[in-house]
Amino acid sequence: KTITSLATRESGLVLSLYNNSVLSVIEENELVQSRRVEYELVLDREGGRWTIPVCMELTLERDSRYLDCKLTLTNTAEDHRLRVHFPTDIKIDKNYSGSPFDQIERPQKSPYKRDRQHPNTSYVGLEKNGRGMAVLNSGLYEYEHLKDGTLALTLLRAVGRISGDWKLRHKVIETWKTE
4 KTITSLATRE
14 SGLVLSLYNN
24 SVLSVIEENE
34 LVQSRRVEYE
44 LVLDREGGRW
54 TIPVCMELTL
64 ERDSRYLDCK
74 LTLTNTAEDH
84 RLRVHFPTDI
94 KIDKNYSGSP
104 FDQIERPQKS
114 PYKRDRQHPN
124 TSYVGLEKNG
134 RGMAVLNSGL
144 YEYEHLKDGT
154 LALTLLRAVG
164 RISGDWKLRH
174 KVIETWKTE
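As numbered in this note's numbering, residues 4 to 182 make up the sequence shown, in order.
Just so you know, the hints here were simulated from the structure itself, not pulled from any lab data.
The model shown is predicted, which means the values in this text are computed figures rather than measured ones.
One or more hints might be untrue.
[What the hints assert, rightly or not] Straight-line C-alpha distance at most 30 Å; calculated DSS-like pairs for lysine-lysine:
| # | residue 1 | residue 2 |
| --- | --- | --- |
| 1 | K97 | K150 |
| 2 | K94 | K112 |
| 3 | K131 | K112 |
Kindly produce the complete structure, drawing on both the sequences and the hints.
Next up, the structure:
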């Protein structure tokens, strides 16, 4: 299996869009359509090369208004964040997210200079002129509403330092240790 990915050292961005994948049918009948997509993300950086196997199962039931997605991965790398992007084409300057016993409306652009991510408890969504999209989730607590209308949901944070100088990450980890 040939694995290709788009990665740049400057951005550190790896897109699964450019990876070869294997598609298989799980179930196919008049009530349910279900597919499995398997691929590998390759992270090639200064500290080494990691391969992260990913398996995504997509299920659409008849008359359902949502697509069910189950994602399984084995994290073999350190110091990275894994997100899934949901392109929406809904360009609006606000979004909605779940909070305990509440729904919160937030601006697309964060008022905090260094932090573009927002918390959520079970969903994040956009709506404009009666057209909308929501991402319902369980156990995923961070999202970002990008300028182009994309919702970026954080699946995994495996980082020693979330922001600031990347070269100092190991020094910061040392300060977290207790004796």
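Consistency of the hints with the structure:
no., hint, result
1, K97 to K150, "holds, 10 Å"
2, K94 to K112, "holds, 12 Å"
3, K131 to K112, "holds, 17 Å"
Hint compliance for this structure: every hint is met.
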